[in-house]
Amino acid sequence: MRFRLTPRETSFYELFATSADNILGASKLLMELLAADAATRTEIAERMRAAEHAGDDTTHAIFHQLNSSFITPFDREDIYRLASRLDDIMDFMDEAVDLVVLYEIDELPKGVEQQIEVLHRAAELTAEAMPQLRTMDNLTEYWIEVNRLENQADRVHRKLLAHLFNGAYDAIEVLKLKQIVDVLEEAADAFEHVANTVETIVVKES
Amino acid sequence: MRFRLTPRETSFYELFATSADNILGASKLLMELLAADAATRTEIAERMRAAEHAGDDTTHAIFHQLNSSFITPFDREDIYRLASRLDDIMDFMDEAVDLVVLYEIDELPKGVEQQIEVLHRAAELTAEAMPQLRTMDNLTEYWIEVNRLENQADRVHRKLLAHLFNGAYDAIEVLKLKQIVDVLEEAADAFEHVANTVETIVVKES
Amino acid sequence: MRFRLTPRETSFYELFATSADNILGASKLLMELLAADAATRTEIAERMRAAEHAGDDTTHAIFHQLNSSFITPFDREDIYRLASRLDDIMDFMDEAVDLVVLYEIDELPKGVEQQIEVLHRAAELTAEAMPQLRTMDNLTEYWIEVNRLENQADRVHRKLLAHLFNGAYDAIEVLKLKQIVDVLEEAADAFEHVANTVETIVVKES
Numbered sequence: 001m002r003f004r005l006t007p008r009e010t011s012f013y014e015l016f017a018t019s020a021d022n023i024l025g026a027s028k029l030l031m032e033l034l035a036a037d038a039a040t041r042t043e044i045a046e047r048m049r050a051a052e053h054a055g056d057d058t059t060h061a062i063f064h065q066l067n068s069s070f071i072t073p074f075d076r077e078d079i080y081r082l083a084s085r086l087d088d089i090m091d092f093m094d095e096a097v098d099l100v101v102l103y104e105i106d107e108l109p110k111g112v113e114q115q116i117e118v119l120h121r122a123a124e125l126t127a128e129a130m131p132q133l134r135t136m137d138n139l140t141e142y143w144i145e146v147n148r149l150e151n152q153a154d155r156v157h158r159k160l161l162a163h164l165f166n167g168a169y170d171a172i173e174v175l176k177l178k179q180i181v182d183v184l185e186e187a188a189d190a191f192e193h194v195a196n197t198v199e200t201i202v203v204k205e206s
Numbered sequence: 001m002r003f004r005l006t007p008r009e010t011s012f013y014e015l016f017a018t019s020a021d022n023i024l025g026a027s028k029l030l031m032e033l034l035a036a037d038a039a040t041r042t043e044i045a046e047r048m049r050a051a052e053h054a055g056d057d058t059t060h061a062i063f064h065q066l067n068s069s070f071i072t073p074f075d076r077e078d079i080y081r082l083a084s085r086l087d088d089i090m091d092f093m094d095e096a097v098d099l100v101v102l103y104e105i106d107e108l109p110k111g112v113e114q115q116i117e118v119l120h121r122a123a124e125l126t127a128e129a130m131p132q133l134r135t136m137d138n139l140t141e142y143w144i145e146v147n148r149l150e151n152q153a154d155r156v157h158r159k160l161l162a163h164l165f166n167g168a169y170d171a172i173e174v175l176k177l178k179q180i181v182d183v184l185e186e187a188a189d190a191f192e193h194v195a196n197t198v199e200t201i202v203v204k205e206s
Numbered sequence: 001m002r003f004r005l006t007p008r009e010t011s012f013y014e015l016f017a018t019s020a021d022n023i024l025g026a027s028k029l030l031m032e033l034l035a036a037d038a039a040t041r042t043e044i045a046e047r048m049r050a051a052e053h054a055g056d057d058t059t060h061a062i063f064h065q066l067n068s069s070f071i072t073p074f075d076r077e078d079i080y081r082l083a084s085r086l087d088d089i090m091d092f093m094d095e096a097v098d099l100v101v102l103y104e105i106d107e108l109p110k111g112v113e114q115q116i117e118v119l120h121r122a123a124e125l126t127a128e129a130m131p132q133l134r135t136m137d138n139l140t141e142y143w144i145e146v147n148r149l150e151n152q153a154d155r156v157h158r159k160l161l162a163h164l165f166n167g168a169y170d171a172i173e174v175l176k177l178k179q180i181v182d183v184l185e186e187a188a189d190a191f192e193h194v195a196n197t198v199e200t201i202v203v204k205e206s
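Residue numbers (this note's numbering), protein chains in the order written: chain S, 1 to 206; chain G, 1 to 206; chain Y, 1 to 206.
Some hints here could point you the wrong way.
What the hints assert, rightly or not - Only pairs whose alpha carbons sit at most 27 Å apart, straight line, appear in this in silico BS3-like list of lysine-lysine:
| no. | chain 1 | residue 1 | chain 2 | residue 2 |
| --- | --- | --- | --- | --- |
| 1 | S | Lys178 | Y | Lys178 |
| 2 | Y | Lys178 | S | Lys176 |
| 3 | S | Lys159 | Y | Lys178 |
| 4 | G | Lys159 | Y | Lys176 |
| 5 | S | Lys176 | Y | Lys159 |
| 6 | G | Lys110 | S | Lys176 |
| 7 | S | Lys178 | Y | Lys176 |
| 8 | G | Lys176 | Y | Lys178 |
| 9 | S | Lys176 | G | Lys159 |
| 10 | Y | Lys110 | G | Lys176 |
| 11 | G | Lys176 | S | Lys159 |
| 12 | Y | Lys176 | G | Lys178 |
| 13 | Y | Lys178 | G | Lys159 |
| 14 | Y | Lys159 | G | Lys178 |
| 15 | S | Lys176 | G | Lys178 |
Since the hints were made in silico from the structure, they are not lab data.
Based on the sequences and whatever the hints tell you, model everything.
As structure tokens, this is what we get:
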């Protein structure tokens with residue numbers, strides 16, 4: 001009944017949850033990538049591309065909903081920002097897998113598995129948090145933990161850069177690998193941007 | 001008469017059209033760049049710089065108009081976003097020409113001409129679309145086509161990166177050329193951002 | 001008394017001034033970096049990190065204030081934008097120092113001292129400008145001068161890139177140094193973004 005009274009508000013929450021679940025699936029593909037051989041990597045890249053398209057559809061549905069709704073559950077600008085930032089995460093994950101295949105990377109440098117584990121954990125927390133937006137409950141721990149994870153990702157990323165530049169790799173290889181670890185770091189930052197947007201929404205509404 | 005009643009609304013449309021025409025001119029300079037020798041490149045860079053300054057003046061005029069208008073033809077935030085994103089396109093095109101001259105690139109890698117042709121086509125579509133904002137007619141095909149062009153640009157860009165890293169170029173040359181093809185890809189993305197902003201405006205108003 | 005009547009408005013101004021003063025302190029650390037030996041650089045990096053954390057606290061205080069205020073001295077979106085862009089400056093300065101230490105840069109290329117002097121001058125102007133927001137007086141010269149400094153920084157940055165690619169450095173060194181001079185250029189751009197935001201606010205209010 002409540003659903004019938006506020007269909008639009010309900011569907012915003014459902015769309016954000018769908019977007020976050022899609023990101024969680026993508027983070028699992030990144031985990032698979034670590035152990036994958038060349039053939040499997042190509043197949044993972046195809047599944048990632050499909051996930052990225054599904055994400056675009058959800059983002060587009062949110063924008064369309066936003067632009068055609070008179071009443072929104074929270075500020076229009078925050079809905080726009082949250083949808084865009086969830087979309088950014090998906091794009092960075094997709095780009096990372098693409099580059100690994102495109103550059104025919106033989107072996108990913110030690111530390112990348114830590115970057116990906118952090119992204120997977122952040123994806124789990126984000127997928128758990130989105131359904132909480134309706135009640136605004138239990139979200140404080142979510143954004144504190146995601147911010148903590150981003151700091152951890154930052155330290156791992158710095159160690160990786162120092163490792164890439166320590167002379168063990170030739171310059172072309174450094175260029176390829178640096179682009180990949182940088183994109184993974186951008187994905188970690190994107191999770192933090194989502195968490196900060198959620199914090200803004202909660203503080204306003206509370 | 002109508003013009004006298006709503007001078008500001010009218011001039012917003014004119015300023016967006018001016019900005020898009022300026023971008024179309026810049027895209028023609030990129031086409032000229034492909035066949036240009038060193039001397040001509042320097043002269044093209046100067047004309048591009050002049051176009052970039054003209055674009056800045058238009059963007060600034062839109063912001064000033066926006067900040068001093070009580071009534072705007074559509075949401076203030078959308079006007080701000082549309083003007084900023086048109087300005088981004090100009091900046092990326094200007095940067096690309098600058099880098100070709102600065103790095104004294106001998107020969108642009110095969111595929112760059114495809115990147116530039118896509119940018120020129122997107123510029124034509126954008127210049128045709130801006131005058132339609134007043135009536136909001138016939139804009140659906142515009143943004144669908146620009147999104148299609150961006151996907152095409154993305155594929156060309158990926159092929160170019162793989163080509164740069166295939167061992168035919170030394171690392172320094174890869175660094176220079178990668179920066180140039182990346183900036184051209186950013187220009188293609190910027191056209192899509194403009195199209196997405198236009199879609200948002202149209203959906204809201206319809 | 002006035003303070004008691006409009007505590008929130010007052011504290012927004014104070015928080016922006018605090019943020020700008022913190023950036024000025026960070027720009028002095030960049031000046032120190034130029035003459036520093038390896039041991040001193042590490043110690044400067046630690047002080048920069050402390051400044052970056054202090055900046056985060058101020059930014060967070062502004063967002064919290066914004067989200068819990070019914071009345072704000074100027075548009076919410078402009079307050080959000082100004083706080084975010086001041087925060088960007090701090091992040092770029094912190095990243096630059098980090099990279100110099102991380103990559104164990106032996107000698108910074110000629111021209112970096114000019115980049116840093118421009119940043120320091122822009123920081124002085126920004127710190128002087130923030131307290132003027134309350135009265136909106138004497139801000140025109142501020143943003144004209146910051147825009148002029150950004151153009152100067154741009155020319156220095158281009159010269160530096162040409163120098164890095166002229167064959168005197170090996171590719172790995174070019175990669176390291178380019179990342180550092182690019183981040184310093186991003187800091188100069190960030191000062192211009194702050195000045196443009198201030199211009200927007202002043203024009204609206206006047």
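Structure-based check of all given hints:
{"no.": "1", "hint": "S:Lys178 <-> Y:Lys178", "verdict": "holds (13 Å)"}
{"no.": "2", "hint": "Y:Lys178 <-> S:Lys176", "verdict": "holds (16 Å)"}
{"no.": "3", "hint": "S:Lys159 <-> Y:Lys178", "verdict": "holds (19 Å)"}
{"no.": "4", "hint": "G:Lys159 <-> Y:Lys176", "verdict": "holds (26 Å)"}
{"no.": "5", "hint": "S:Lys176 <-> Y:Lys159", "verdict": "holds (26 Å)"}
{"no.": "6", "hint": "G:Lys110 <-> S:Lys176", "verdict": "holds (20 Å)"}
{"no.": "7", "hint": "S:Lys178 <-> Y:Lys176", "verdict": "holds (11 Å)"}
{"no.": "8", "hint": "G:Lys176 <-> Y:Lys178", "verdict": "holds (11 Å)"}
{"no.": "9", "hint": "S:Lys176 <-> G:Lys159", "verdict": "holds (14 Å)"}
{"no.": "10", "hint": "Y:Lys110 <-> G:Lys176", "verdict": "holds (20 Å)"}
{"no.": "11", "hint": "G:Lys176 <-> S:Lys159", "verdict": "holds (26 Å)"}
{"no.": "12", "hint": "Y:Lys176 <-> G:Lys178", "verdict": "holds (16 Å)"}
{"no.": "13", "hint": "Y:Lys178 <-> G:Lys159", "verdict": "holds (25 Å)"}
{"no.": "14", "hint": "Y:Lys159 <-> G:Lys178", "verdict": "holds (19 Å)"}
{"no.": "15", "hint": "S:Lys176 <-> G:Lys178", "verdict": "holds (11 Å)"}
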